[in-house]
Each structure stands twice: as structure tokens, then as C-alpha cells.
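Asks: Chains as they are written, first to last, in the working numbering: chain A, 1 to 403; chain B, 1 to 229.
Take these hints with a grain of salt, some might be off.
What the hints assert, rightly or not - Just a few of them, taken from the derived set where beta-carbon distance is under 7 Å, the chain B residues facing chain A:
| id | residue |
| --- | --- |
| 1 | Ile7 |
| 2 | Gln9 |
| 3 | Asp59 |
| 4 | Phe91 |
| 5 | Asn97 |
| 6 | Leu113 |
Stated by the list, open to error - Calculated cross-link-like contacts (lysine-lysine; reagent style BS3-like; alpha-carbon spacing at most 25 Å):
| id | chain 1 | residue 1 | chain 2 | residue 2 |
| --- | --- | --- | --- | --- |
| 7 | A | Lys86 | A | Lys155 |
| 8 | B | Lys163 | B | Lys141 |
| 9 | A | Lys305 | B | Lys117 |
| 10 | A | Lys305 | B | Lys163 |
| 11 | A | Lys305 | A | Lys391 |
| 12 | A | Lys159 | A | Lys243 |
Calculated from the structure, these hints are not laboratory results.
Glycine residues also receive a C-beta, built at the ideal position from the N, C-alpha and C atoms.
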Amino acid sequence: MLITIAWRNIWRSRTRSLVVMAAIVIGIWALAFMISFSLGMARSYVSSAIENSLSHLQAHHPQFGADAEARYYLDVPIELQEEVRKLPEVQNTTARTLLTGMLTTGKSPRGIQIRGIDPAGEAAVTRLNEKIVAGAYLSDDNRRQILIGERLAQKMGAKIRSKVVLTFQDVHGNITAGAFRVGGLFNTGNRPFDEGTVFVDRRELNELFGPADAAHEMAIYLRDPETLADAQRRVQQELADAKVENYRELSPDVLLYESQIQTSATIFIVIIMLALLFGIINTMLMAVLERYHELGMLMAIGMNKGRVFAMIVLETLLLSGAGSLPGLLLGWLTVTRLQHTGIDLSSFSQSMEQFGLSQMVYPSLNADMYLQLAAAVVVTALAGAIYPAWKAIRLRPVEAIGH
Amino acid sequence: MSQPVIIAQNVGKVYNPDKIPVVALESVDLAVEAGEFTAIVGPSGSGKTTLLNIIGGLDRATSGKVSVGGHDITGLSDNELIDFRREHIGFVFQAYNLIPVLTARENTEFVMLLQGKARAEREARTRELLQAVGLAEQMNKRPSEMSGGQQQRVAVARALASKPAFVLADEPTANLDSASAANLLDIMVRLNQEEGVTFIFSTHDQRVIDRARRVVTLDDGRIIRDEKR
Numbered sequence: 001m002l003i004t005i006a007w008r009n010i011w012r013s014r015t016r017s018l019v020v021m022a023a024i025v026i027g028i029w030a031l032a033f034m035i036s037f038s039l040g041m042a043r044s045y046v047s048s049a050i051e052n053s054l055s056h057l058q059a060h061h062p063q064f065g066a067d068a069e070a071r072y073y074l075d076v077p078i079e080l081q082e083e084v085r086k087l088p089e090v091q092n093t094t095a096r097t098l099l100t101g102m103l104t105t106g107k108s109p110r111g112i113q114i115r116g117i118d119p120a121g122e123a124a125v126t127r128l129n130e131k132i133v134a135g136a137y138l139s140d141d142n143r144r145q146i147l148i149g150e151r152l153a154q155k156m157g158a159k160i161r162s163k164v165v166l167t168f169q170d171v172h173g174n175i176t177a178g179a180f181r182v183g184g185l186f187n188t189g190n191r192p193f194d195e196g197t198v199f200v201d202r203r204e205l206n207e208l209f210g211p212a213d214a215a216h217e218m219a220i221y222l223r224d225p226e227t228l229a230d231a232q233r234r235v236q237q238e239l240a241d242a243k244v245e246n247y248r249e250l251s252p253d254v255l256l257y258e259s260q261i262q263t264s265a266t267i268f269i270v271i272i273m274l275a276l277l278f279g280i281i282n283t284m285l286m287a288v289l290e291r292y293h294e295l296g297m298l299m300a301i302g303m304n305k306g307r308v309f310a311m312i313v314l315e316t317l318l319l320s321g322a323g324s325l326p327g328l329l330l331g332w333l334t335v336t337r338l339q340h341t342g343i344d345l346s347s348f349s350q351s352m353e354q355f356g357l358s359q360m361v362y363p364s365l366n367a368d369m370y371l372q373l374a375a376a377v378v379v380t381a382l383a384g385a386i387y388p389a390w391k392a393i394r395l396r397p398v399e400a401i402g403h
Numbered sequence: 001m002s003q004p005v006i007i008a009q010n011v012g013k014v015y016n017p018d019k020i021p022v023v024a025l026e027s028v029d030l031a032v033e034a035g036e037f038t039a040i041v042g043p044s045g046s047g048k049t050t051l052l053n054i055i056g057g058l059d060r061a062t063s064g065k066v067s068v069g070g071h072d073i074t075g076l077s078d079n080e081l082i083d084f085r086r087e088h089i090g091f092v093f094q095a096y097n098l099i100p101v102l103t104a105r106e107n108t109e110f111v112m113l114l115q116g117k118a119r120a121e122r123e124a125r126t127r128e129l130l131q132a133v134g135l136a137e138q139m140n141k142r143p144s145e146m147s148g149g150q151q152q153r154v155a156v157a158r159a160l161a162s163k164p165a166f167v168l169a170d171e172p173t174a175n176l177d178s179a180s181a182a183n184l185l186d187i188m189v190r191l192n193q194e195e196g197v198t199f200i201f202s203t204h205d206q207r208v209i210d211r212a213r214r215v216v217t218l219d220d221g222r223i224i225r226d227e228k229r
């Protein structure tokens, strides 16, 4: 009966209740959209970082560290790569020689990172071959080819088949240089990366650098990112002399970005819930004050304070529930739809690329987040109900009846 | 002679005792026996409603003692008083005071639900009471769909639902037309005579006074006449 009364009471002031419900629907929907969009951006950023440069795991010489000194390299023969690739968690691996050097064209020199790659392995790990927008990917047929970023090529006046020179230090610290011909232009969508990186064949680069099997980095792409911790442990066992790190350890900004998104989501929720809280308090307080006489009568005929309190709380919960369920449904429908179609942000492509984000964002929200939203509404409703309910049980029946 | 269901001894009530004291009741002694049909009358401001509120445990006396069915209710806490009212007292208010979102049936059943009575018992008693007040056909109507007289009859049914020791009715006919008032009085008289329900009214209405078997007259907070018929 208490539920019946509470539910029917909601509809006594239909317009007022509908306004509150509409506010809750819009609030929940907006939260679902904003959080899913932010998570989509974060996922885009993280996956862009993993696919373009980091991979899930990387192995380096223990002293390679932040300075990336060329002399600290691993000896990665093809057999060792195969051993790692056979691990169940691992989808693909590739080895890279990483050197800091100078790219010189006829127009100007520019500091860049030179990546000596195994073309097939790199294609399997970062799908670099799919990011070629002009010319062709590296192959065994064409020697001394170099891939440079489309934007970098524009800036440096390089074209397909242009001749460029790479200058860097070899393993002994001597300056060495090699001429390459631009075989292809790539565009990963990550502007800083594209403007600061070139790719050549690792074997050809190692001919200039020194050791034939040298690799500064072994990148490991996993079948399932959820197995990151297990995979890291197993790869470390395989590569006992190397230091194996995951993408979060390698790039703290990715971790920071992920945690910032979580923090932003919490702030969004708190702001919207605070707004709802005051709306709910206002509405329920009006409902209690309007029914002052009636509440007094209920207490007069024997409804104790606990039940009166429960009735007001129940009424608030039902009102909030009636708003949050459609809100969650609407949010879920919106997110589910956008999860497939994505949001095209190509009109902001320049700034997106600068931050390493792709132009398409695919919002998504997991079940936990929907539950968090529902829980936030319940907590808000309970908090919003306390003052009106307290006000209701403070009344004296004899005064309320004569009110 | 039956035992009194209500004993008010030396009851006094002063409003605003610390500011401008207003004496509403002064040394009132009253005993009401089971089965009485008593009207408390007097001019406005004489203390009728205050006395009814104190007897009904809605208000507290400033001095004196009130016992209902042998229980001293003077020292009960607010929550204890609520429980006491629910179990022992039925109320009929001047403005009907039904729960607007419930039907006549649900309104009648409500107190029994608070008492934790079983569904079958609730339904049987509700049917019986609504039949007794002539509203068996209207039981699924909400208050807004009923006339004032019908609403007040539902209020009587609700007051009786908990099988109280007595029913307190504050000006029950004040908002009713003559026909409805007469009809309500007939019902209450019948319930009093046939089922022995004790009724205590505060009223100005001569029609109620005429049908009462005891009339207690208050003036300036004192009982000035207590007439049994």
C-alpha cells in the first residue's frame, strides 16, 4: 500500500513530476553520452598509441631507458622473435632498430627518429602498410627505400622517388650516413608521430649501424589486451636479458589520459547529480509542504514516523526511478547506435591529429558504467529525500490537521 | 454500570505558557463510558476541539491526566501516542481527511494495513464497514469522485476499521448539507445502538446535539454542564 500511495502521489502534480523526470532523463542521457564519448576518445588515443608506436608490450635493453642510447641494443635473431610469437597471448611481434638522426633533402635537414623495421612484422603489428597514402610499402624487391610521413614530405619538399640522406651515429659512435629513396608516404593520423618518424628496412639500417641482428626494441602485439599482465610476465621469462614493459609503463601519458577520463566522468556525474539533487529536494519539499495537512492526518490515524519517512523516501525513489530508467534506456540506445556508426570529427581533424586522436570516435559504455549511473541516481534520490522526509516527520499532527 | 473508557482528571491546557498564555482548558474532569453517544458543545473558543485532541492523544495536556481504556497516555512519547491512536482510537474530522489517492475501499483498509492485519480479515471488514455506511457500491471510487456526505461516511468506516475503543468526531457534520448530515447521524446512531460503538463529538450542530444521549457543555475551558438523557 505504501508503494501504491507513493506512486499515486507522484502523479498528483503531474506537470511538476514530469518536469523533474525530464530533467533526470536529460541528465542521465547527457552523462551516458558524455562519458561514452570521453571513453571513446580515450580508447582512440590509447589504441592509436598502441597501434602506431607502442604495441602492448615492448622489450628493450635494460639500460636503453629514456635516453634511447643506440649502444644499448638487444640481439634479436629471427629465432628469438619466433619463440615469443609462439606464446599463446601473443598475436605478433616485430623488432625495430631505433636511431636518432637527421633527414636531409635537397631543401633542408630535420631531426627525426629513424625506425629500422622488419616490413612484414611491422605490417602485422602496427598495420603500417595500410597507412601508406602514396607510393608503396617497403618490400624486398626495392632496396634502400624509405617511408616518410605525408606532412613531413610536404614540409621538406620530398616526393615519391626523391633521394634523401639519413645521418646518424653507428654503434661505435661514429657519424655515418646513407642515401635512401622515398618509396612511400604514410599518414597514421597522429601528426607529431608522422612529422618526426621515418621507416627503413632494419637489415639495411643495421648494415650502416653495425650488428646485423641488432634491435633496440621488440614490440609485441597481444591477441587480448586483458591478458596484458600475464603476457608481460611470460615474455619477460622468454627475454631474460631484456626489460619488458607494457604500454602504460612506457607511456605514462596514456595512463594519465585514461585516469583523467575516469576523473572527468566522476566530475560530470557529480555536477549533474548535484543539479538533480537540488531539483529533487525542491520538488519533494513542495510535495511535503502541500500535503502538510494530509501528513498530519496520516500520523493522527496511526501512521508512525518511520512509515511517513519511508513513504517520502519511496516517493522520491519512484520519481527518480521513473526518470532514470528512460534516461538510461535513451542513453543506451544512443551509445549503442554511435558505437557502430561512430562520430565523425573530421572537421576538427587538424587538432585531433595533433593530440594523436583519430577522426572517428566510437563512444562506448560498459555495463559497469550504466550501473554506476543508476547507483548515482539512487544515492542522489536518497540524499534528496532526507530533508523533505525529515521535515514531514517533524510536523505535529494536531497543528497539521488544523493547518 | 460499565467501566469508563476515557477518564480525564483535572486536565488543563495553556497555549504559549512562556509568552502570552492562553488558557484553553482548566481543571476539566470527564469520564466517558463504553457505548456512550456524547456531544461536547460550547461556543467557539470554549475548548471543545482542544479537549477532543487531548482525549485523542493528538495534543498534550499542560496539567492533569488522561487515561484511555485503563492506560495513562499522558506520559507517552510521540511515537507511542501514534501507535496508541492506531490501536485504540478512531477519528472523524470535519474536513473528511481521506487519502485522496486511495479509493474508498483502500482508505477504509488503510489503518488495518498499518495494524498488520491479514488480507482476508482486512477485505472482509472493509466490505462489512462500507456496507454498514451504505457505500458498498462506491468502494472503488476515489474521494474526488464522491460527495461530501459519502466521503464523511468513508471516514466513519475508516475510523471503525481498527475496532477502536471509541471514535472521536470533530464537527463531523459541519461541511454537510442537511440530508447528508441526517444520513451520517443515522448511521452513527445505528452503529452506536447496534454495535455499541462509543462516539464522542465536538459540535455546534443542533441536529447532532438533539440525537446525543449525553451533552457536555464547555465554556471558557471549563465544563459548565454535563447532561445525560
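Asks: Looking back at the hints listed earlier, which ones does the structure fail to meet?
Replies: 1, 2, 7, 12
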